[in-house]
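Asker: Spelled out, the chains give:
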Amino acid sequence: MQPVIQLTDFRKTYKSGEVEVHAVRGVNLTVLPGEFVAIMGASGSGKSTMMNTIGCLDRPTGGSFLLDGVDVGSLNRNERADLRNRKLGFVFQGFNLLARTTAAENVELPMLYSRPALPTSEQRKRALAALTLVGLGQRTDHTPSQLSGGQQQRVAIARALVNEPKVLLADEPTGNLDSRTSIEIMGIFQHLNDQGMTVIMVTHELDVARYCKRIVVMRDGQIRSDEPVTDRSLAPAELAKLEAEQKAVQLA
Amino acid sequence: MFAILKIAFRAIRRNLLRSFLTMLGIIVGIAAVIVGVSMGTGAKAEVDKRIASMGNNLLMVMSGNMSRGGVRGGFGAAPNLSPSDYDAIRREITGVVGVSPEVRTRAQVTAGNQNSSSDIFGVSEAYADIRSWEFASGGNFSEADVRNASKVCLLGTTAAKTLFGENVDPVGQVVRVKNAPFTVVGWLKPKGANSFGSDQDDVVLVPYTSAMKRLSGDTLFRSFNIQVEGPDRLNSVTNDLAQLLRQRHKIAEGRDDDFSIRTQQEMSEFLNANNRIMTILIGFFAGISLVVGGIGIMNIMLVSVTERTREIGIRLAVGARGRDVLRQFLTEAVLLSVMGGILGIATGFWLAPLLTKFFEFPTLISNTSVILAFTVSAVIGVVFGFFPALKAANLDPIDALRYE
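The listed protein sequences derive, respectively, from chains W and F. Under our numbering, the first residue of the first sequence is numbered 1, with each subsequent residue one higher. Under our numbering, the first residue of the second sequence is numbered 1001, with each subsequent residue one higher.
Honestly, I wouldn't trust all of these hints.
[To be verified] Non-contacting residues of chain W with respect to chain F, defined by C-beta distances greater than 12 Å in every case (computed):
#1 H22
#2 S48
#3 D71
#4 L97
#5 L112
#6 D207
#7 T230
#8 A244
[Stated by the list, open to error] Derived CB-CB ranges, DEER-like:
#9 F/F1359 - W/T120: 45 to 55 Å
#10 W/K15 - F/I1280: 54 to 64 Å
#11 F/T1306 - W/D194: 37 to 47 Å
#12 F/N1274 - W/N76: 37 to 47 Å
#13 W/R214 - F/N1299: 13 to 23 Å
#14 W/S114 - F/I1280: 46 to 56 Å
#15 W/S114 - F/D1396: 52 to 62 Å
#16 F/L1390 - W/P116: 20 to 30 Å
#17 F/A1273 - W/T120: 53 to 63 Å
If you're looking for bench data, these hints aren't it; they were derived computationally from the structure. Glycine included, every Cβ here is placed at the ideal spot set by N, Cα and C.
Working from the sequences, and respecting the hints, build out all of it.
Answerer: Structure (structure tokens):
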């Protein structure tokens, strides 16, 4: 099976004045289709740099990065933009939706830049399908300010899915959410992963990482450990547990 | 394309007041262009109308050289055209419909207890036809009147009104000029002001012989009015006239003429020169205003790019190319300036008639100026929107996404 992500001796060095900062120093990582990977690490561990590179927002300064078999290091700005559009879906910690723009229009955004362009009616159809998939089929005309955090993140996930990407990249997707909403959002990721979607997620919470199938821990620009999750959390069970706890608190 | 327009419209509507204030510079500039050009064309149309009111296919031979030594002697030069020159022109120049000499004097004209100091023109019987005068009543004096230096005259409407009252037919009445009684034989229809602004209707036309003998004592003419057969004869008649007069005035080869020949077209060009300078001046100030308006747009677009850095980051992250972002911001800038342009054109349409109404300044809004104004506003949008749009397009997606 061809890997979706293949990093080989990946290095990233920033020049900050005279000083060279080695953010990532030689990482080898292979992610196969259908995997669900959490990348963990303290700030400054290089995990964000790695995510930016995997997201084709940045290029490696050393080593190679193949996304779905394409060498990203040799692509220019426009080619990387097209790659992001067709093969990647982004979910951010701060949701990053366009304000004063309806949920449906937010989800249509990536299709605005698709080549060849889809007809407007087809764009709307796909956007509504994606919103239904994340459980927001009823609120397509709401603007972000009219939606809760969890709902906004669902819109963001729908937007990431709408162009049928190869990989879903999530950067601290539950960082701004309460625990219950976090479980729901992780449930959506698990559901998508069950259907075959490759998901890579950056998080610093072990609780959240346990919903994934594999945890990669980074420190000082290198991978410290790379292990499968043994006692995996499943969203429906966790949700039931949470409800039981809340009921117990209410009874007491 | 439609989607981009929609986004641009939304962005403009989101900051309605700011967008309007930004447009204001363009509105003022474009309105100034429209009004300025309309003043230029209006003034030109007015001049053309007045020149046309002089008659058709007209040539004027004037004493003195208008441009000798770079100094314009103009109408003030001493008369040096003789009656024998007049006869020679009538005898020898072909292609001429009519010739009339012209002497001019200003004297008090009285009738009963009223008086008027009107321009008194001594002319031949051909003059009325050459200058397209029409008669409200009565008719022209005859060739015999000219030959006999008869004491007859034609009255313009203003002169007639001063002497006899409004709408009173003066034909058959007697007016006295320098104590000589002249019988009014014709009442002229009004023509209005001439191209220099003086009232063409405040005139008394008398046979030139009468004027020279009885009124002024002149023996030379100031000018000849000549009507040629058609526009195609203007050049040949001009050349023949020049040759004839040089010969008669014994002007040596290489010396300047002591007369000048002007066609109507030259007169209109001369008169329109001032209008052109005015138009250029207004255009210059309108241009400055447009540049200032453009800078305003650039300024606001730069602010907008900074404010929307995060939005740009999101768009880049989901696959927008730099070109897409450039196009979006450029569209917004062009839309701003084009909307300003349209509002400016509307303002101009509203302002120009007011100018005519309150300052009696002739204005005429031409289609060309509207198209020009619209194009200019679009170009301003592109020129001044380009730098901010380029700045947006070149943003790094990672930095843009992280921007707070």
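Asker: For every hint, state whether the structure bears it out.
Answerer: We went through each hint and held it up to the structure:
1. H22: 18 Å, holds
2. S48: The claim is violated: W/S48 sits with its nearest Cβ about 9 Å from chain F, within 12 Å.
3. D71: Fine: 19 Å to the nearest Cβ keeps W/D71 off the interface.
4. L97: 8 Å, violated
5. L112: W/L112 is in fact no farther than 12 Å from some Cβ atom of chain F, at 6 Å.
6. D207: The assertion about W/D207 holds, with a minimum of 26 Å to chain F.
7. T230: At roughly 34 Å from the nearest Cβ of chain F, W/T230 sits farther out than 12 Å, so the non-interface label holds.
8. A244: About 39 Å separates W/A244 from the closest Cβ of chain F, which puts it past 12 Å; holds.
9. F/F1359 - W/T120: 45 to 55 Å: 53 Å, holds
10. W/K15 - F/I1280: 54 to 64 Å: 55 Å, holds
11. F/T1306 - W/D194: 37 to 47 Å: 43 Å, holds
12. F/N1274 - W/N76: 37 to 47 Å: 60 Å, violated
13. W/R214 - F/N1299: 13 to 23 Å: 51 Å, violated
14. W/S114 - F/I1280: 46 to 56 Å: 51 Å, holds
15. W/S114 - F/D1396: 52 to 62 Å: 22 Å, violated
16. F/L1390 - W/P116: 20 to 30 Å: About 26 Å separates the Cβ atoms of F/L1390 and W/P116, which means 20 to 30 Å holds.
17. F/A1273 - W/T120: 53 to 63 Å: 57 Å, holds
Of the numbered hints listed earlier, those contradicted by the structure are 2, 4, 5, 12, 13 and 15.
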